[in-house]
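Enquirer: The lines below spell out each chain.
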Amino acid sequence: MRGTMRVVRLLALPALLVLLWWAVGGGSFYLPGPAAVGRAFAETWFSVRLVEDVLPSVGRLLAGYALAGVLGVGLGVPIGSSRRLRATLEPVLEFFRAIPPPVLVPLIMLLVGIDTPMKVLVIVSGCVWPILLNTVEGVRALDEVLADTCRMYGVRGGSRLRRFVLRGASPQIMTGLRQALSIGIILMVISEMFASSSGLGFTIVLFQRQFQIAEMWSGILLLGLLGLGLSLLFRRLERRVLSWYYGSGAARA
Amino acid sequence: MLEIHELRKVYESPGRRVEAIRSITLGVGAGELVCVVGPSGCGKTTLLRCVAGLLPVSEGQVRVSGVPVTGPPPDMAVVFQEYGRSLFPWMTVRQNVELPLKEKRLPPARRRELVADSLRAVGLSDAADAHPWQLSGGMQQRVAIARAVAYEPQVLLMDEPFAAVDAQTRADLEDLILRLWRDLGVTTLFVTHDIDEAVYLGQRVVVLSSSPTTVMEDLKIDLPPERDQLTTRSLPRFGELRGHVYRQIQRARGER
Amino acid sequence: MLEIHELRKVYESPGRRVEAIRSITLGVGAGELVCVVGPSGCGKTTLLRCVAGLLPVSEGQVRVSGVPVTGPPPDMAVVFQEYGRSLFPWMTVRQNVELPLKEKRLPPARRRELVADSLRAVGLSDAADAHPWQLSGGMQQRVAIARAVAYEPQVLLMDEPFAAVDAQTRADLEDLILRLWRDLGVTTLFVTHDIDEAVYLGQRVVVLSSSPTTVMEDLKIDLPPERDQLTTRSLPRFGELRGHVYRQIQRARGER
Amino acid sequence: MIRGNGLLARLGYGAAGLGGLLLLMEAVPRLGLVDARFLPPASEILATLAGELATPELWIALGETLRGWAVGLALAFCAAVVSGVVIGVVPGLRALTNSTVEFLRPIPSVALVPLATLLFGPSLGSTLLLVVYASFWQVLIQVLYGVAAVDSVAFDTARSYGLSAWSRVRHLVWPTALPYVMTGLRLAAAVAFILAVTAELVIGSPGLGAEIQVAQSSGAVPTVYALIVLAGLVGIAVNAGVRLLERRVLAWHPAVRAEAAS
Amino acid sequence: APNQGSGTSKVNAGVIAIVDTAPIHLGKAKGFFTEQQIDLTITPVAGGAAAVSGAVSGQFQFAFANTTSLLTAKQQGLDVKVVANGVSSTGEQGNDFSAVLVKPDSPIRTAKDLAGKKISVNQLKNIGDTTVRASVRRAGGDPSGIEFVELPFPDAPAALQNGQVDAVWVVEPFVSQAISQGARPVAWNFADAAPDLTVAMYFTTGTTDADLTRRFTAAMRKSLEYADAHPDEVREVLKTYTEIAPEVIAKIYLPKWPVEVNRASVQTVADLALADGILNDKIDVSALIP
Ligand SMILES: Nc1ncnc2c1ncn2[C@@H]1O[C@H](COP(=O)(O)OP(=O)(O)OP(=O)(O)O)[C@@H](O)[C@H]1O
Ligand SMILES: Nc1ncnc2c1ncn2[C@@H]1O[C@H](COP(=O)(O)OP(=O)(O)OP(=O)(O)O)[C@@H](O)[C@H]1O
Ligand SMILES: [Mg+2]
Ligand SMILES: [Mg+2]
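Residue numbers (this note's numbering), protein chains in the order written: chain A, 1 to 253; chain B, 1 to 256; chain C, 1 to 256; chain D, 1 to 262; chain E, 1 to 290.
Among the hints, a few may not be true.
A few chain C residues that don't get close to chain D, going by computed Cβ distances all over 10 angstroms [stated by the list, open to error]:
no., residue
1, Val10
2, Gly27
3, Pro68
4, Pro107
5, Thr232
With a Cα cut of at most 25 angstroms, we get these calculated SDA-like pairs of lysine to any residue [to be verified]:
no., chain 1, residue 1, chain 2, residue 2
6, E, Lys117, A, Arg49
7, C, Lys102, D, Ser152
8, B, Lys220, C, Gln168
9, E, Lys118, A, Leu111
10, E, Lys118, A, Ser197
11, E, Lys239, D, Ile60
Covered by chain B, per the in silico footprint, the following chain C stretches (three or more residues, Cβ under 8 angstroms) [what the hints assert, rightly or not]:
no., segment
12, 71-84
13, 192-198
14, 245-253
Everything labelled a hint here was simulated from the structure, so no lab data went into it. For each residue, glycine too, the CB sits at the ideal point set by N, CA and C.
Could you put the whole structure together from the sequences, leaning on the hints where they help?
Expert: Structure (structure tokens):
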């Protein structure tokens with residue numbers, strides 16, 4: 001019973017939107033109807049493309065995401081903890097944050113070449129920001145009494161990091177990770193606009209350039225589904241990691 | 001053991017400047033148990049945090065074992081007034097109590113023993129696997145006490161540690177602290193607003209005036225060292241001391 | 001006014017199931033002041049939250065003025081045990097107290113008056129423009145009390161409201177509540193762990209057993225209605241009642 | 001420490017950080033770690049930037065970009081805050097919208113270029129569509145998490161004092177969510193700027209992006225980097241603005257409190 | 001909107017800002033469009049796809065795109081129609097605006113050696129890879145093993161230098177730039193693919209008014225003719241809409257701007273694209289070029 005309710009909640013609004021699309025779509029060249037896109041989806045993605053284009057892309061996405069997570073949290077904790085470090089690094093970080101990835105790519109290509117490392121780095125270059133910013137803010141907002149408790153009982157160094165800082169900031173860190181997930185997908189596409197000859201993003205861009213519009217939309221559909229799938233996985237993880245947070249009344253969700 | 005010399009503390013925040021402590025000079029000998037009482041908001045918590053090295057002093061000095069305090073000294077345990085916020089919500093009760101012991105690198109067997117003992121002492125053996133937020137206020141406070149007790153500190157600072165528990169539990173916990181103090185010789189600074197408690201527990205009771213805060217009286221409690229909830233509290237001298245402190249506090253409040 | 005009928009409350013969380021309240025039946029008449037005492041963790045806070053409509057009951061029913069409680073009833077004020085968390089840190093003390101009055105759409109002049117009066121009553125006129133986190137624990141608790149008092153509720157629920165204040169302040173606040181109750185006829189349910197306080201304040205004292213929680217005794221306090229800190233507390237009947245409640249709680253704890 | 005001093009110190013540290021970056025950017029090509037033809041040293045980039053800044057065209061382009069950025073960001077921010085609060089506060093709505101939000105979020109704005117040009121042509125509208133689409137989600141997610149972070153005791157307090165839904169949002173939910181929202185604003189401000197530039201790059205509406213595009217296809221490497229640096233500088237300015245705002249609206253927050261105290 | 005009062009039509013043309021499109025800029029400067037009562041705005045676009053979608057959506061009345069892009073658009077059923085020639089190869093080896101370059105010390109000596117190598121093109125499945133394959137085929141090599149990767153022209157020289165690709169295909173100004181930095185041309189792919197290859201064309205969509213199209217074509221033809229005859233003025237106009245360094249402008253190889261589209265070469269490109277699987281069906285070029 002609860003299971004069916006969940007499915008209903010999951011699907012109700014999307015179903016409504018597809019109906020809406022059905023009603024308005026199909027009229028124009030650039031916005032084909034759901035039927036055409038559905039057909040294109042089946043033809044395009046249930047093929048070797050899945051193995052040759054989609055899987056490597058997803059692999060790079062996950063690698064970049066993981067790296068961004070490590071980097072974002074790894075930098076965010078010291079930056080959040082030290083006012084001086086924050087004052088020093090913030091302008092530099094803000095500088096890089098404002099540079100559009102498409103124009104950053106040539107620089108990354110200069111430094112690491114044009115193969116997989118470049119694409120992973122491009123993904124990192126976008127994903128890292130929400131994680132970093134949220135980590136910094138989460139660390140800054142740690143409870144003072146808990147911090148004092150740690151100091152009193154000599155909890156410091158790695159133990160403090162693991163048992164206090166990371167756990168205490170985890171609600172914010174998880175927010176950042178959640179943000180980064182979809183940004184990662186977007187950057188996966190952007191990274192494959194350069195120096196590529198395969199990949200999900202590349203394929204979508206190619207469809208767009210070759211005016212295969214239904215196919216292009218089917219690729220976007222796939223991106224959306226990928227994002228949805230990953231976010232559902234992410235939620236399971238989050239419910240585990242933050243069970244104390246949602247249980248404790250510190251948050252009401 | 002603890003020497004507080006002309007301590008002054010002023011909180012400065014934009015638009016508000018509070019002189020929480022004007023000047024406090026106070027010494028606590030090794031193995032002594034001193035209770036601090038004073039009107040609400042007079043600076044007891046502030047004093048404790050300065051002694052614990054958690055708050056920079058504005059003027060004066062605090063020494064622990066002769067060493068000027070700049071950060072938290074080792075082997076000191078604190079029970080915070082905000083007991084709810086001082087427990088890690090992501091850890092179970094057991095983990096909360098065990099954490100400082102891990103930091104002390106005690107062997108696991110010893111840790112388990114200390115945790116079990118201290119939880120039993122505060123009456124929370126059943127709740128070891130619960131998270132703090134699944135407990136009542138009084139239970140949370142007892143977890144914080146258990147953590148301090150299990151730590152086996154040399155100096156123990158307690159800030160209204162029994163505020164949230166019922167009378168009977170409070171009596172039990174008082175005796176727990178007395179036992180700990182006597183058996184291990186823990187130097188203890190105990191903030192309370194319960195005058196009976198201060199007289200019952202303390203070797204000395206320090207009465208703070210209300211703002212601007214100074215030491216109003218440093219009263220030696222000349223009750224027999226062996227204390228007992230029933231007999232000690234019914235001694236005539238107990239009543240006298242109690243009345244004296246009460247009047248002092250009333251004077252302290254009246255002065256503002 | 002308040003009718004609690006065979007209330008049962010079970011907390012279910014993954015891996016832990018706590019029967020906080022087995023069965024409580026209790027009535028509080030309009031304009032009555034009933035104190036609830038019981039061992040730590042016996043379910044007093046839980047009871048209060050169920051009455052306030054903040055917690056769904058597992059079984060049984062709660063009615064306020066004859067209406068079954070599903071959400072917070074109007075004209076009810078609650079002072080929470082976690083006073084620190086119940087104040088909004090982004091508001092000053094004044095704003096915290098004023099907020100519910102704004103909700104009631106009182107005219108600004110009347111609001112100002114109520115806020116000033118209630119802050120004066122709890123001794124915090126000076127701190128009106130401070131933020132809660134700039135206050136001591138006891139001061140925060142008094143802000144929460146002032147907020148409830150200013151609200152002029154018909155029903156007042158208080159959960160260990162004086163836990164963090166010193167004895168003298170506590171006495172003043174007790175008299176404040178008595179005054180409020182008498183002048184405005186506020187129906188009051190008052191949770192405390194201080195037996196003296198319960199006997200001094202209450203028309204009735206309800207003693208809860210420890211888990212599984214039931215009403216152990218519903219004691220009528222047959223002291224003269226006019227109460228006074230000095231004379232009332234020194235009445236022999238006061239001592240008797242006090243001793244009786246004390247023994248009951250001890251029995252309650254012993255049973256577990 | 002008085003506040004002015006703190007600000008000065010912060011500026012000093014910030015300048016030191018940027019100085020370090022400049023040194024690095026000067027050293028890397030000079031030491032031959034990368035070819036100076038492809039990554040000119042910082043001094044050359046700055047000189048080019050100075051030259052560019054002297055031309056009115058650049059300022060016009062920058063103005064265009066900033067207009068798209070500001071309008072788009074404002075639209076996205078307001079829409080996201082309103083929908084975030086509504087979704088977060090109305091029970092059941094979050095579960096209902098979750099799948100759709102998660103589906104739409106990873107769709108890259110660049111993929112919407114054909115749709116944008118179809119709907120709006122080369123006007124500001126296309127840029128806005130892309131900017132709003134991209135930055136909306138950033139704020140929305142932050143708002144959703146922020147709304148969820150309301151303390152249960154505070155919430156119960158609000159309920160028991162009979163605060164109306166609107167008051168609860170205004171006095172409880174919004175202040176709680178505000179730190180998250182500020183982070184969202186900082187994230188969205190950068191994303192909006194990036195998308196404004198990217199939209200110009202791809203659609204060709206006038207602005208900084210178009211300037212970069214022209215410089216790139218002309219092989220004018222120092223100009224490209226000068227424009228990139230300009231973009232970065234805009235980012236720093238925007239962040240400084242948001243930080244200033246944050247200090248005003250979050251003065252009560254532990255993080256900001258600690259900063260202001262010393 | 002076109003046709004605004006007194007016979008003057010406002011026209012928005014979507015044109016990429018590269019050397020190839022010098023004639024329209026020059027023609028505008030020379031007043032050839034005003035003569036035809038066209039008030040011309042030139043909007044820079046990023047590439048062929050953007051130009052086509054801009055034209056189809058009505059934002060541009062006319063636009064510029066390369067031959068392959070137009071063929072693909074036509075095949076996908078888009079209503080595009082060529083109105084004027086755009087740019088053509090000079091057809092001369094060693095003197096064209098498009099080349100395949102390798103590092104100075106590369107073992108690749110001729111187009112034949114490109115077989116099996118990694119070559120960058122600005123866009124896959126477009127005119128670059130088809131013509132490079134044609135070059136290799138012509139030199140007697142087997143193009144099937146070539147690995148093409150996408151790299152924007154501006155980034156290609158760096159990638160070549162760093163050894164990330166074996167060869168790059170670029171057009172001006174990057175050909176001259178790379179050569180001056182030591183790169184060595186091994187194939188002139190536009191010249192190889194067909195004689196006088198028509199590389200790109202100006203086009204419109206079915207919705208544009210016939211009279212306006214006629215006038216635009218006339219102005220465009222005049223511009224092409226003028227540009228082809230006045231290379232120095234072309235080099236001058238490049239300074240106005242590109243950022244190419246003046247010393248590079250002085251050296252670059254200019255393309256040809258014949259007035260007429262070379263239909264045969266367009267057919268050749270279509271056939272090559274079909275052979276390489278870029279187009280699915282044989283396309284009738286005359287549908288695209290009326
Ligand atoms: N962080 C702070 N910022 C500004 N003022 C503060 C701060 N903390 C405490 N104060 C002020 O310092 C004074 C002393 O506070 P303190 O907490 O030490 O009192 P206390 O004796 O512990 O009171 P209580 O018995 O109520 O807990 C109070 O007037 C309070 O307003
Ligand atoms: N959120 C919760 N989840 C699970 N169990 C809970 C929760 N809140 C309270 N409990 C349990 O319910 C029981 C009663 O708790 P409650 O807070 O009502 O006690 P109390 O009488 O108010 O105690 P105290 O005097 O210490 O405040 C306790 O055993 C506690 O562990
Ligand atoms: Mg205190
Ligand atoms: Mg309680």
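Enquirer: Going through the earlier hints one by one, which of them does the structure break, listed in rising order?
Expert: none
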